[in-house]
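This is what each chain is made of:
Protein chains: 2
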Amino acid sequence: MEDKCTMVISGSQLMSYISDFTTICWFMEPEFQEAVRRLHRVVGNAVVDDRYIVVGTGSTQLYQAALYALTSPGGPEPVSVVSASPYYSAYPEETDYLRSGLYKWAGDAYEFDKNGTGPYIEVVNSPNNPDGTLREAVVKNRGDEGKLIHDLAYYWPQYTPIIRPADHDIMTFTFSKSTGHAGSRIGWAVVKDKEVARKMSKFIEMSTLGVSKDSQQRAAKIMGVICDDYKNFKSDELFFEHTRRVMAERWERLRQVVDRNQVFSLPKYPKRYCLFSGELIEPYPGFAWLEAKEEEEEIDSQKVLRGCIKVQGRTGSRFGVAQKYVRVSLLSNEEVFNQFLERLSTINSISNGH
Amino acid sequence: MEDKCTMVISGSQLMSYISDFTTICWFMEPEFQEAVRRLHRVVGNAVVDDRYIVVGTGSTQLYQAALYALTSPGGPEPVSVVSASPYYSAYPEETDYLRSGLYKWAGDAYEFDKNGTGPYIEVVNSPNNPDGTLREAVVKNRGDEGKLIHDLAYYWPQYTPIIRPADHDIMTFTFSKSTGHAGSRIGWAVVKDKEVARKMSKFIEMSTLGVSKDSQQRAAKIMGVICDDYKNFKSDELFFEHTRRVMAERWERLRQVVDRNQVFSLPKYPKRYCLFSGELIEPYPGFAWLEAKEEEEEIDSQKVLRGCIKVQGRTGSRFGVAQKYVRVSLLSNEEVFNQFLERLSTINSISNGH
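Line order of the protein sequences matches chains D and Z.
Residues in the first sequence are numbered consecutively from 1, following UniProt numbering.
Residues in the second sequence are numbered consecutively from 1, following UniProt numbering.
For reference, chain D alone in the conformation it holds in the complex:
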């Protein structure tokens, strides 16, 4: 779709800080907001009517904007931030790097449910990075002490059945995972409460004084082309059908290799009814979450992959679980993915190194 999606910006366009001073998120391009709402309506993965949209420099920034919005003005103690393990490896670092007095990382949400006290924020990442599971909040029965952030970066039809239009207080999405344009650093939040949307926008103002308009316009254009194709049924194969097919093929080949060499196992995902496709379908996550089959907990699967086949994964310990787990991206280009499978197929046993 390279040509249809080509973006042209003249030297004098998009120069101002301001997109629309009459709206809460004054640095958001109106075309971007429209495109986001339209894309969600086409896919049916999130409720956007009567919701506020906030644009961010990737969902990374929006996660931090949400923490700020839910904790400012701050109480005497920082609010605990938790997520069920295995949790996305960037949450701890993104929460704690500035040693904020507003919030602090408090680890696994299951653990907090059992032993934690006080006000908290639970991040629900669904489908979950690294393990691809569809998730719900874990911490229960805390009255109004808890707030939720739903990180729905991977809740798109190429990765998962769309089981319902998500309808939570704060939902974050990203251009990176919806269409693959990570380099543009564009994310957005769908927010129920006006005051939360205002504070998130204020955070982004203080953090980066807005979000690249060049990239907002490019995202709007590309989302528009995808939606137009669904409206006109003009393509031989529509965007999410195409990307889902690629993911399905990769997963089929991956499972063959993993089953054959009996060194790692992969999660099994139940089929669910997908409202978008109208079929019972399987999830095809963006990551392989590999677990070493040997029984000792001490096996370092990241080290095995690196040492034996020179493949870079991310160890389970970064996600709050044992290092017998390792996460490998399946979203590389075709050549890199083929190399990965070829090398993975050469591993026969962990103990003898190969």
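You may find that some hints are simply not true.
One copy or two, it doesn't matter: identical chains are merged, so the pair holds either way.
Stated by the list, open to error - Computed list of lysine to any residue pairs in SDA-like fashion (alpha-carbon distance at most 25 Å, straight line):
| no. | residue 1 | residue 2 |
| --- | --- | --- |
| 1 | Lys303 | Thr23 |
| 2 | Lys303 | Ile24 |
| 3 | Lys303 | Ile18 |
| 4 | Lys202 | Gly320 |
Everything labelled a hint here was simulated from the structure, so no lab data went into it.
Following the hints, position chain Z against chain D.
Below, chain Z without anything else, positioned relative to chain D:
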């Protein structure tokens, strides 16, 4: 220069997070880095040989990246951050909004020089926003307790004589003020120390996982066109000569109006020798820093402008000084600037409201 600067991006370009994993600032486009170095060499406003370049989402993000780099790992107490008043109104907020345990805003650098103690960071904004003065560090004789950040957003020939190639530990610049493209949210830092550059890059990774590649490429293109013109002398009027002429004309008209109605005064700026133009020239700051002439300190000049002539300025109290001062942007488009002057010329005295 609209056509020469037109940017075309196809649908499949600039999709990855990564620009160059072999460099410290792995999310920086090589073309952007090259363009930045070339522009500084053409203008002569900063030493870039043997320096690291770090790209950021505007200089706003780079200011915060520098605070992080200079204070992490954190000591028992947050480090004091100071700047000589009148200081840029965004520094206090950008320093304190997350209640970081690493650093905290401590106000006026002159005050800190007299009464402050302990480790500190001084931000030197030169030419200074709001008052346009060329500045040097204010806090003296503290051994190695102090670190400096030089915010050189306005150190370009349209605003000021280039008195020397700046050569400080951390210098920040922005696309917004060099060419006027605020909407792209592109800034860069020129950094002497490798470890500081690494930490600043790490901050940007944790804050926004990189910087829009669309905007980096657009900035590279536009800077390249400007530099090519200086190389070939192809334009009737080169970029900085053109923009300087616009600023000079605005200042001449502004001073006429201000002198005539005798309500406000403007700073006088000494002529300095400009290495870029090879002439003795006057500064033409991006802001009018107006001071009410009435002697009472209580006069609220922002209120006067808003109430009498419906002009939005920013009060001196936001910059750490009396509210008889008000800052008005001179970087608006021609029509808005003309309106401003027309309305300003109708103010005859503050006390009777008009």
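So, going through the hints one by one against the coordinates:
Taking the closest pair of Cα atoms, Lys303 and Thr23 come within 25 Å of each other only across two copies (24 Å); inside a single copy the shortest separation is 50 Å, beyond that limit. When the C-alpha separation of Lys303 and Ile24 is checked against a cutoff of 25 Å, the pair qualifies only between copies, where the shortest distance is 24 Å, while the shortest distance within a copy is 48 Å. In the homo-oligomer, the alpha carbons of Lys303 and Ile18 lie at most 25 Å apart only across protomers (23 Å), although the nearest pairing inside one protomer, at 48 Å, exceeds that limit. For the identical chains of this complex, Lys202 and Gly320 are inter-copy neighbours only, at 21 Å across copies versus 32 Å inside a copy, given an alpha-carbon limit of 25 Å.
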